[in-house]
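A.B. asks: Chains D and W supply the protein sequences, listed in that same order. With the numbering used here, the residue at position 448 of the first sequence is 893, and numbering never jumps. With the numbering used here, the residue at position 145 of the second sequence is 1079, and numbering never jumps.
Hints in this document: simulated from the structure, not taken from any laboratory. This one's a predicted model, so the numbers in the text were calculated from it and none came from an experiment. Note that CB positions come from ideal geometry on N, CA and C, so glycine has one too. Among the hints, erroneous ones may be present.
To be verified - FRET-style restraints, in silico, Cβ to Cβ:
1. Gly1019/W x Glu880/D: 42 to 50 Å
2. Glu1018/W x Ile482/D: 36 to 44 Å
3. Asp1055/W x Leu1200/D: 38 to 46 Å
4. Glu1072/D x Leu997/W: 30 to 38 Å
5. Leu997/W x Ser632/D: 53 to 61 Å
6. Glu1058/W x Pro609/D: 51 to 59 Å
7. Pro609/D x Ser978/W: 35 to 43 Å
8. Leu1200/D x Arg937/W: 53 to 61 Å
Said to hold, decoys possible - Covered by chain D, according to a simulated footprint, are these stretches of chain W (three or more residues, beta-carbon under 8 Å):
9. 1013–1020
10. 1035–1041
11. 1071–1079
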Amino acid sequence: MNAPTGKLENASSKGYRIIGTRPIRPDGVDKVTGKAIYSPDFVAPGMLHGAILRSPHAHARIRAIDTSAAAALAGVKAVVTGADLPDDATLLERDNTGEALHVARHCLAVDRVLFDGHAVAAVAATTPEVAQAALALIAVDYEVLPAVRTIAEALAPDAPALHPDHTVRGAEPGSLPANIAAVSANSRGDVAAAFAEADVVVEGSYRTAPVHQGYIEPHACVAQWNADGQGQIWASSQGHFMIRSQVGAILGIPLADLRVVPLEIGGGFGGKTRVFLEPVAMILSRRAARPVRLAMTRADVFRSSGPAPGSESRVRMGAKADGTIVAVELDVSLGCGAYPHDESTPALMSATLPYSIPNFAFTGRAVFTNMTTSHAYRAPGAPQGSFPIECTIDQIAERLGMDPLDLRIRNAARPGETGYFGLPHGEVGFLESLEAARAHPHWSAPLAEGAGRGVAAGAWGNYGGPSSAEVSVAEDGTVLVTEGSPDIGGSRASMAMMAGETLGVPYEQVRVVIADTNAIGFSMVTGGSRVTFATGKAVIQAVEHVIEQLRHRAALIWGVETEEVDWRDGAAWCGSGDNAGQSLSLAAIAARANNSGGPISASGTVNAQGYLPGCGVHICDAVTDPETGVTTITRYTAVQDAGTAIHPDYVEGQIQGGAVQGIGWALNEEYVWNAVGQVDNPGFLDYRMPVASDLPMIDAVIVEKPNPAHPFGVKGVGETGIVPPLGAVANAVSRSLGKRMAELPLSPARVHAALTAS
Amino acid sequence: MSRLHITTTVNGDAQEFLCEPGTTLLDALRGPLGLTGSKEGCGSGDCGACTVTLDGEMVCACLVLAPEAQGRRIETIEGMAGAEGLHPLQQQFLAHGALQCGFCTPGVLVAAKALLDHNPDPSESEARYWLAGNLCRCTGYDKIIRAVLATAAQLRQERSPA
Chain D
446 MNAPTGKLEN
456 ASSKGYRIIG
466 TRPIRPDGVD
476 KVTGKAIYSP
486 DFVAPGMLHG
496 AILRSPHAHA
506 RIRAIDTSAA
516 AALAGVKAVV
526 TGADLPDDAT
536 LLERDNTGEA
546 LHVARHCLAV
556 DRVLFDGHAV
566 AAVAATTPEV
576 AQAALALIAV
586 DYEVLPAVRT
596 IAEALAPDAP
606 ALHPDHTVRG
616 AEPGSLPANI
626 AAVSANSRGD
636 VAAAFAEADV
646 VVEGSYRTAP
656 VHQGYIEPHA
666 CVAQWNADGQ
676 GQIWASSQGH
686 FMIRSQVGAI
696 LGIPLADLRV
706 VPLEIGGGFG
716 GKTRVFLEPV
726 AMILSRRAAR
736 PVRLAMTRAD
746 VFRSSGPAPG
756 SESRVRMGAK
766 ADGTIVAVEL
776 DVSLGCGAYP
786 HDESTPALMS
796 ATLPYSIPNF
806 AFTGRAVFTN
816 MTTSHAYRAP
826 GAPQGSFPIE
836 CTIDQIAERL
846 GMDPLDLRIR
856 NAARPGETGY
866 FGLPHGEVGF
876 LESLEAARAH
886 PHWSAPLAEG
896 AGRGVAAGAW
906 GNYGGPSSAE
916 VSVAEDGTVL
926 VTEGSPDIGG
936 SRASMAMMAG
946 ETLGVPYEQV
956 RVVIADTNAI
966 GFSMVTGGSR
976 VTFATGKAVI
986 QAVEHVIEQL
996 RHRAALIWGV
1006 ETEEVDWRDG
1016 AAWCGSGDNA
1026 GQSLSLAAIA
1036 ARANNSGGPI
1046 SASGTVNAQG
1056 YLPGCGVHIC
1066 DAVTDPETGV
1076 TTITRYTAVQ
1086 DAGTAIHPDY
1096 VEGQIQGGAV
1106 QGIGWALNEE
1116 YVWNAVGQVD
1126 NPGFLDYRMP
1136 VASDLPMIDA
1146 VIVEKPNPAH
1156 PFGVKGVGET
1166 GIVPPLGAVA
1176 NAVSRSLGKR
1186 MAELPLSPAR
1196 VHAALTAS
Chain W
935 MSRLHITTTV
945 NGDAQEFLCE
955 PGTTLLDALR
965 GPLGLTGSKE
975 GCGSGDCGAC
985 TVTLDGEMVC
995 ACLVLAPEAQ
1005 GRRIETIEGM
1015 AGAEGLHPLQ
1025 QQFLAHGALQ
1035 CGFCTPGVLV
1045 AAKALLDHNP
1055 DPSESEARYW
1065 LAGNLCRCTG
1075 YDKIIRAVLA
1085 TAAQLRQERS
1095 PA
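Chain D on its own, in the form it takes in the complex (with noise of 0.2 Å):
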């Protein structure tokens, strides 16, 4: 529910004052001002303008780049080609996995273009409109080549291979078709001895398209690359260490000469966990000496940034009477793009995540395609890997004339059972999101005639990792907490609030920054749902070296023993001598501090585990039009456990947001292209994200299940809630129309074309 009062126990009833309660975020008016600064907002004295130049072909060999003409036009201050990047070995000598090699060709192509808005050259100039003009000037010869636009292509006898000489971690060279990337498989049972003892056995081909994260604020930054070598960049992502390991490793920077700055993001959804322009601004910048912004447009986001890869999955259920699912087989490959990026561990990992399976074979793939290269999107893999299985769960139930959440109640994995990696189960919530979706009045609501109800669960195994916090005391006791985690949507509030709570003050006594590299330690990225978690728990960490020294200062004051002072309610209390009862608040300890020891603060650093996943359930009633194939989507619920919901309001924010980017995947998004390879749709009218007109309200439903390896018993929440849509929306067209749809997105063209097939 979406009101304050809705269904969660209320913050006192758990022991909480903060923990559970909706403030006001920190940083709420700011961005509600037009305050708030984004990457494109961001000004540098004498700044220059960069453009870049981007390959018309989907695949071409660059025989060669003539931009003296460029360079002699008045106002160009610099201009570079993939060629004033450093060379492969250089790059492999730098980091040995590959990525800074495969990261920099991505950012400026050197011998060939893989895909169409690949970037050729660039630019730095005194107007963005003379930028513009030099690009016109620059002549590349390309000898364009056949490309590979989706997986079958890629994967057909005569191919053309993206990478000849790719190898594959795990593979005898050679033994696998061209333009595979990656492998993946796990296995556990006899497969074969359980769907030999199967009542029922449910088997499909699923599809899902490339589909693009789709925020709003386009990739920016500006950079400043001086003489003396050392550096500035200034750009919102979803980690300020990412740009600087990143663009450290392929310019050779040692990274306390790289300063990057934090600017407000305007959303990323995992597809601003890599650069894409940073070392192409920091090279002009080193050659024209003057900062350089580089921003890219809707059309290079679209062409050029990272979306999700499609997939091509075939999956094979074996199930008892009882709805017992004994077997699965399942096969997914992921469509990765033009550079490596392997996303069928988590895929697979996924696919049956929040089930009990005791026999599968499961493989998966990552496919080289000439488009943009894949990347991280909220959940990456999981919502192609769930597909399949959600739908095939759902036949199950129909064969067996089961209901679909009984179903997933009878399969659901418990705490302690065996999961994926061969680890136990932690303290999983999925049965108890199974049974809260069972419970609620929309699973019991009747259907509109013509109406479809779909179900479907998902999960994701969240994340933990490095985090780096400090906390200091001011002079009159308010607090600062110092982060490294970009604030994405709502993370300073979280954090103000677990400090405020583990201090015993009020939230608004306390405010969060976040630093840029060079002001706190590491932090991983925003990303992995791990913020609240791991970042939480450094600052938790921090806050209670800061209430150690609270208590000594306390016990000076008093001239008694630390192990005498009690810290409660956000004071020091004294338990023996002259004062024993006394307390001193922590504005009277702040305000003594230069006369007991000097200023209060502390760090906490964790690289964090015990991470649990998060597990959703999602009900979705659609009606399906069948003269225009136009869905609608009537009603929705979404179902997800967070563990224990530090904010309520932005964890009710993540699962709606998840869900309806899910239903966006699963009616409407797709890239187009056309018969060279080129996107055909790079922009918002023609990649059809939904908008308000398109929903209804989306009512969430938190479950708390803590997690024990969290002070607070935070688990993550925010990507597990676009996993489950794909097959809700599927499962629920399906039954509408009374034919099972395989193929996503379920866009009206595709749903028309089904019917009219029938």
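Position chain W relative to chain D; hints supplied.
C.D. replies: Below, chain W without anything else, positioned relative to chain D:
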């Protein structure tokens, strides 16, 4: 080519700037006028992040030429809050958690204010269709719609005699 000298009114203040004939109003606002609250998400009128009003009419600033601002009255997100505090829409957006990244928020707020100026009692469906030109990728629109409807109710109550 000589640049054009434009005189206009932005958020009640007289302003002037120089621009090329083909400069968009959005680029003029974000560049010479220094008002970066209006955002460019697409540059083609599809996302609504640059929504402003021109003589009271809602427009995408990326689809208006800057010279068209001559002698006109422009209102942007920067003009919505006054010295007396936030506009009720801004307050309700914060109270409802109706923004996550906040990038679409300026355009949504300007469009929502235009809705409520035009229709003080919109239905949910009317609010959804009015805001259909403003893409938000974070929220799924649920909390945005609730915040707009809550503001409409608040303003109706404030306007009606007790």
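A.B. asks: Looking back at the numbered hints, which does the structure fail to meet, lowest number first?
C.D. replies: 2
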